[in-house]
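Novice: Letter by letter, the chains look like this.
There are 2 protein chains.
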Amino acid sequence: MWPFFRPVQWLASCLRGYHMPGKAFPQQRGDTSLVLVDEARRFIQDCLMRVGVPAAKVRCISEFLVVADYRGNFGHGLNRLDVYLDDLQRGHAKVDAEPTILSETLATAHVSGNSALGVLVGNFCMDLAVQKAEGAGIGFVVAKESHHFGMASWYAFRAALQGLAGLVMSNAAPTMMAPHTKSASIGANCLAFCVRGRDYHFVLDMAASVRDIGAVEWAWANDEYIPHGWAANEAGFSTIFPNLALRSPLLYPAGGHKGYCLSAMIDLLCGVLSGAQYASHIPLDPRQPSNLGQVFIALDPEFFVPNFMERLDDFCGRIQDSKPAEESQPIRLPGELERMHMNYVEDLRALPYPNTLLTKYRDVASKLCVKPIELAFHRCQSKKSF
Amino acid sequence: MWPFFRPVQWLASCLRGYHMPGKAFPQQRGDTSLVLVDEARRFIQDCLMRVGVPAAKVRCISEFLVVADYRGNFGHGLNRLDVYLDDLQRGHAKVDAEPTILSETLATAHVSGNSALGVLVGNFCMDLAVQKAEGAGIGFVVAKESHHFGMASWYAFRAALQGLAGLVMSNAAPTMMAPHTKSASIGANCLAFCVRGRDYHFVLDMAASVRDIGAVEWAWANDEYIPHGWAANEAGFSTIFPNLALRSPLLYPAGGHKGYCLSAMIDLLCGVLSGAQYASHIPLDPRQPSNLGQVFIALDPEFFVPNFMERLDDFCGRIQDSKPAEESQPIRLPGELERMHMNYVEDLRALPYPNTLLTKYRDVASKLCVKPIELAFHRCQSKKSF
Chain A
1 MWPFFRPVQW
11 LASCLRGYHM
21 PGKAFPQQRG
31 DTSLVLVDEA
41 RRFIQDCLMR
51 VGVPAAKVRC
61 ISEFLVVADY
71 RGNFGHGLNR
81 LDVYLDDLQR
91 GHAKVDAEPT
101 ILSETLATAH
111 VSGNSALGVL
121 VGNFCMDLAV
131 QKAEGAGIGF
141 VVAKESHHFG
151 MASWYAFRAA
161 LQGLAGLVMS
171 NAAPTMMAPH
181 TKSASIGANC
191 LAFCVRGRDY
201 HFVLDMAASV
211 RDIGAVEWAW
221 ANDEYIPHGW
231 AANEAGFSTI
241 FPNLALRSPL
251 LYPAGGHKGY
261 CLSAMIDLLC
271 GVLSGAQYAS
281 HIPLDPRQPS
291 NLGQVFIALD
301 PEFFVPNFME
311 RLDDFCGRIQ
321 DSKPAEESQP
331 IRLPGELERM
341 HMNYVEDLRA
351 LPYPNTLLTK
361 YRDVASKLCV
371 KPIELAFHRC
381 QSKKSF
Chain B
1001 MWPFFRPVQW
1011 LASCLRGYHM
1021 PGKAFPQQRG
1031 DTSLVLVDEA
1041 RRFIQDCLMR
1051 VGVPAAKVRC
1061 ISEFLVVADY
1071 RGNFGHGLNR
1081 LDVYLDDLQR
1091 GHAKVDAEPT
1101 ILSETLATAH
1111 VSGNSALGVL
1121 VGNFCMDLAV
1131 QKAEGAGIGF
1141 VVAKESHHFG
1151 MASWYAFRAA
1161 LQGLAGLVMS
1171 NAAPTMMAPH
1181 TKSASIGANC
1191 LAFCVRGRDY
1201 HFVLDMAASV
1211 RDIGAVEWAW
1221 ANDEYIPHGW
1231 AANEAGFSTI
1241 FPNLALRSPL
1251 LYPAGGHKGY
1261 CLSAMIDLLC
1271 GVLSGAQYAS
1281 HIPLDPRQPS
1291 NLGQVFIALD
1301 PEFFVPNFME
1311 RLDDFCGRIQ
1321 DSKPAEESQP
1331 IRLPGELERM
1341 HMNYVEDLRA
1351 LPYPNTLLTK
1361 YRDVASKLCV
1371 KPIELAFHRC
1381 QSKKSF
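Chains as they are written, first to last, in the working numbering: chain A, 1 to 386; chain B, 1001 to 1386.
If we strip away everything but chain A, and leave its shape as in the complex, we get (with noise of 0.2 Å):
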């Protein structure tokens, strides 16, 4: 809700800020809660153990959807856990799959995630591909029978740790309309690139499509308007209401036919090219198992030139330094609002949630028996910072 609709607890809110949480909560929808880093990642392993997921993994897959949020890539973080438990708990996503590898060359890879989660799939493809790269130059690996994998670039920067290029891309159920449908023919496929200088960090992390269906999700959760030309409504038209685009699933392509097209390419890659499952053949509903097809590529720019770091950093420094059309909308390289979004973070020590996602996670805190999500602070309307 827009603080014009209530002007009094807005005014309010804005006084009071975050307050320890009381009998209230929670609220009303809308409102958010902070909750501890450390809160977060302990409740995320404690549901992941109680499904079953071995140790190890549960370290992994924990980290994993924190830093989604730390980054500020909600869509990505918590919010997805309920849909990973709910996999586990159906055998969509198998707790103790190992992902194998089918067929190699000294450059590529084809491997299969026997349904593991996506994570797991993704982290031993990327590693896969920089050895590889590390020793023919590029690593190519494509993965079928994967899961969701969540954020791209948590695989393209597993790269980029190691002084590498990554480029990593996933398919995903049919929810983008191409131009001229009214209906979604594939899905809203991301591609994700990272590359490090010495004083720059390159983090491109996209959806095909204007927003991904997690931003929706995270809109609604926040009780927020979404702004025409994200979604459409069950009829096709576009909507501001997020309950309404959430209902059947259909965004809007980036830039128009050339997100869909770009889309299209990310499938041909990912789903055509690995043997997995690819536009509407991706089963929209989450009882049915999905078998998505990734690709990730490593790349290693000392094969090709020697002075990479200078360069990046020149390259990124010139267009950071454009001048802007008005000063207070400096240029951001991608990855910049991200790299705000954990200085945020790293300053409260403790991640924004809205009061709807923690109200889901008590409920599913007792049905798994857990200790429910204990909250920081909380205060009254969702304000976003950026």
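Source of the hints: derived by calculation from the structure; they are not laboratory data.
Worth double-checking, as some hints may not be accurate.
[Stated by the list, open to error] Partial list, derived from the structure: chain A residues whose beta carbon lies under 7 Å from chain B:
1) V67
2) T181
3) K182
4) S183
5) S322
[What the hints assert, rightly or not] Cβ-to-Cβ under 7 Å is the rule here; a few derived chain A residues that face chain B:
6) F237
7) A254
8) L273
9) Q320
10) I331
11) P334
12) G335
13) L337
14) R339
15) M340
Glycine is no exception: its CB is placed at the ideal position from the N, C-alpha and C atoms.
Keeping the supplied structure of chain A fixed, place chain B upon it in accordance with the hints.
Specialist: Positioned in the frame of chain A, the structure of chain B alone reads:
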């Protein structure tokens, strides 16, 4: 000029259609004439030979330019010839230069174009990538010291002809505005992806901008307005006048910051990684050599999935069979509009060029002492067929 400004002439031209060229040529900006495909090829070859390009290269370059026009990609066809001729005469593109391999592995190569014409560098690099892909599953070739390489799908299709998937990228002179700026800090860099099934071809060829500079030039030559949102005038405000847009090119990125980030990623791979120029290092002034960078990737699907062609056909069929919102606007696969233009040209056996362009080439012909382009027919009023 739109029809409703000159309704009488427009009606007359519809009734007349094309007719034999009379004394009045060139009539007005916006009028179009037909040139037989063979005649266009002859003229291009004559011009190239006159500036000293060897016969074997002349055949390759003329085919490349004619095919761009044949596919309706007019910005990269005959429209570019005068720029190539200027560059060859100034020595920015070298007549006798051949690309050389600087370093290579089983799957990658770093190539110097040695300032040969872009199409010669591109063909060399893609052939090398295909050769590596046949051994290693993937071939990744980056080129520096290259030249404008025209229609990117030409090279991607070259890989597709061998049954492989081709992915091609190039950087370009800075003509694209980052969001929140009113100056160009990066090129409208391009990406092409091509792969063949039995029944379908998937031919994606896109710039990261809403439209590339060639489309604006083509609108100018056809005396057409450009839609708002393609390009800005010198002050950084969207314009519908192509002449204002061409003064200091400021193109809008496709999908806002997504197109801009994608373009930055392409420049990082093509320019920063290859050792070529990048971002605002690339001169806009055509009197300076450009030293562009390009990436050529070939992938052999047989290394990953045995029935790739069937899967591709199924994928394309599924997308094409989506229900359109209006029956008059069927769903198009990438490359389908180009296929329609090819059919149109095959029916005519001729290419439609605006008289503005043909007048320019009459001057070029007289300067180079070659026979001018002979017209098949001309007609008043350019009208887009698609």
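Novice: Next, verify each hint and record whether it holds.
Specialist: These are the hints, each one checked on the structure:
no., hint, result
1, V67, "20 Å, violated"
2, T181, "5 Å, holds"
3, K182, "5 Å, holds"
4, S183, "6 Å, holds"
5, S322, "4 Å, holds"
6, F237, "10 Å, violated"
7, A254, "3 Å, holds"
8, L273, "5 Å, holds"
9, Q320, "9 Å, violated"
10, I331, "6 Å, holds"
11, P334, "5 Å, holds"
12, G335, "9 Å, violated"
13, L337, "10 Å, violated"
14, R339, "15 Å, violated"
15, M340, "15 Å, violated"
Hints 1, 6, 9, 12, 13, 14, 15 from the list above are not met by this structure, while the remaining hints are.
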